[in-house]
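S.K.: Chains V and Z, in that order, give the protein sequences.
Per this note's numbering, residue 1 is the first one in the first sequence, and the count goes up by one each step.
Per this note's numbering, residue 559 is the first one in the second sequence, and the count goes up by one each step.
Bear in mind the hints are in silico, worked out from the structure with no lab data behind them.
Where a beta carbon is used, it is the ideal one built from N, C-alpha and C, also for glycine.
Some chain V residues near chain Z, calculated using beta-carbon distances under 7 Å: (1) 14; (2) 18; (3) 47; (4) 49; (5) 50; (6) 73; (7) 75; (8) 76; (9) 88; (10) 90.
Simulated coverage check for chain Z against chain V, where a stretch passes if three residues somewhere in it have a Cβ under 8 Å from a Cβ of chain V: (11) 636 to 643; (12) 647 to 655; (13) 736 to 742; (14) 759 to 767.
Subject to a maximum C-alpha distance of 30 Å in a straight line, what follows is the list of computed DSSO-like cross-link-like pairs (lysine-lysine): (15) V:159 <-> Z:631; (16) Z:652 <-> Z:631; (17) V:282 <-> V:269; (18) V:55 <-> Z:743; (19) V:71 <-> V:126; (20) Z:715 <-> V:55; (21) V:159 <-> Z:630; (22) V:546 <-> V:429; (23) Z:652 <-> Z:630; (24) Z:652 <-> V:71; (25) Z:743 <-> Z:726; (26) V:96 <-> V:122; (27) V:55 <-> Z:631; (28) Z:743 <-> Z:715; (29) V:55 <-> Z:630; (30) Z:630 <-> Z:715; (31) Z:715 <-> Z:652; (32) V:55 <-> Z:726; (33) Z:726 <-> V:44; (34) V:431 <-> V:546; (35) V:71 <-> V:96; (36) V:96 <-> Z:652; (37) V:159 <-> V:282; (38) Z:726 <-> Z:630; (39) V:282 <-> V:309; (40) V:309 <-> V:159.
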Amino acid sequence: MNNAIACPSDEELIPMMVGESADTGIASHLHSCSACQRRLELFKSDLHALRGTIKMKPVSVPPSRPARIGKYLVVGSLDSGGQANVYRAIHPTLDKELAIKLSRHAVGRLSDHRPLLVAEGKLLAKLEHPGLARIYDLDFHDDLPFLAMEYVRGPNLRKFAADSPVPPRTAARLVAEVARALAVVHQHGVVHQDVKPQNILIDETGRARLIDFGMARLRHAWDDSGECASGGTPAFMAPEQARSEDAAIGPRSDLFALGGVLYFLLTGKPPFLGETVADTLKLARGCEFDRTALDQPGIPHRLRDICLKAMAPTPNERYPRGEDLADDLERYLTRPQQLRRLASISTAAVVLVGIGIGLWASGQRSGVVVPGAPKDTRPALEMVISRGGQSLDLANALPLVPESDTVQVVARIPPAQHAVLVHVNGNGKVKLLPFRKSPATGHTTLLFPATEDTRQAFERDVPGTEVVLVCSAEDPAAFDQIEELVQARLGRLPQMPAGAKPVWLTPEEVPLQSRSTFGEGKVEPIATVESRLNDLRQSLLNRTPKLSLFRGVAYPRP
Amino acid sequence: MTPAHPRISQSRRHPVYAGGRPHRGGSLSRMSHAVEKTSSSLLRRLRNPEDQASWGEFVALYEPLLVRYICKKGLEEHDARDVVQNIFISLLRKLPSFELDRGKGRFRTWLWQVTHNAVVDWARSRKRTKAIEEKLREGWKEGNEEPDSEWDTELQKRILEYAMQKVKERTNPPTWACFEEHLLKGRAGSEVGAELGLPANTVYVYAARVMARVREQCEAYLEDVGNE
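Take the sequences, apply the hints, and build the full model.
M.R.: In structure tokens, the structure reads:
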């Protein structure tokens, strides 16, 4: 580069790049300067590379997506709605993944809403439950309020259900999980007001996670027009909310919507679905949804009943709390598998499922006490022992106290079904006991003992091993000579030890406890009871016409 | 020759697309203000918590590259964008422990590996249709540990594309037009000048100025990526 003539600048070389004639001085310089020749080649080759990008198909970053919100680094968009955009982000130093909901409505620095919002954010950050996506932070990004929430990797329930049908059992579990989470939200005085499948995410472990539970409280930040005093999605909306009866909107409104989610999972459609949003809202106001859709084969009656109760038109008829709905669903889930299978393989005409033996607080008027179901037995058969005003479940009440304990049974029978209750006393005497049908929430409740007379007869029974058996069937002919059958199979059972655990009978099995529970000397009577109950089970399974369901228990009466 | 116009090419040993060693410091004169901000390593800036702008720039540069590359491997754009989110999360988690200076080309390979793993994880995490599975297998030889040539091509193209975009954003339109019309499209300087009401010499000056900025911008990004 020590040529007599200084090397030309780029712009002096430029005409030569595109094939234009260059200054003669430069041309002759180039001829003798290898460095400039190299420069020219590099320039041409760079230019060629740059020209090569012009034809590329443009792929853009959405221009509206911020790279940072507050201190959080945004990695992508998750959702965008009318009021807010949701982004996926990461905490810059804590390595925590977040979903950030950024409002579209600015709240000025001096606005009265700011301190209010901050207070709401503090409240929401306290809500913690495995069924909730946690809220960590509420802050402002260029005057736009945002919520930093736990990021849940997984589809929402609408997409989850669209990808593959959700079996009733899974539906029950997921809805129970959300019900428990809602209970926590409600305990903090927060009403969600927009429970719907899109606001329930299924995380990587398969668990349901409720999101957006803070939106109702933050609505004044998310929408300053004040139009959405009771927002939410009309397709799942409780009637009082659709009618904007603000005073009536409460936890039960959320439970209605959650019942709607169960309805959606069972039937495949949302409860209210009009041609337009206005039509849908009209249906929601009148609580007009197709209840018969729940009667189709494959939908367990028990779940249908739970769904209908959750979706009762007036709030007072619904479950009072999320726990109550969850309890009912979990009771359904803990029924033995075989029972459900039996139900599901039966012919479509026979609508099955359904004796849940609940409890009956006879004459107590103290309302229903839910006993803790024993874990080592079949909790589906819940019998309540009333002792000195206390209600105990059977397993916890043994040994029974003669003359003072009363045994109470409630069996809930689907309307289309017939049922009988069979009692075997300590001497092996079999009685078909009368019961009273009482219409409750869509099913028939079988109360036992039903009358003062039967109660007397029941209580004064002789010491020994007692058996209670409930059977249901579509065709009452299935009960023909059932007393004889029970008599033949059970006979007079050996006396069970006073402290022995009850022996349960389901279509699936008679679970064996004799070996693990008792010392060798005492095994004998229990083993005999188990073996005879198992014989009875086989015979009940083989009856024609078929029994839909049956459930029994043997227990010692000292 | 005026000192106002730097001779970028003199410091260059390789063409831009081959990722030469960058021009460091020196007399960038008039364009130095604009260029200096971006000429230091983007990765280095990204690790500086004070540098608020670097993440946005990183995303703007790499997201289109990753989406385009992953789509070429057989994913739909929608799915590709999901995968890119996972890649960014991985990157941000791993970046603090990534050693910037240990040899060239590490980021190029590293980014590819993170991308490769994210696509493989994505494919594992869902029921793939047969078609996607086959397409993926074709596009991605099993057990491939090194970036393919497609990766290098796409990476380089994207850097050039984005560098031009960045320079265009901060260049006034007539100046940019001189570069675009004359150099990129190859139209005669006098013709372009006539349209813009500029003498042809000015067109050359402006075009050269923009070209220098583009090269400078490219070098800043190519420094991160390196090249074996």
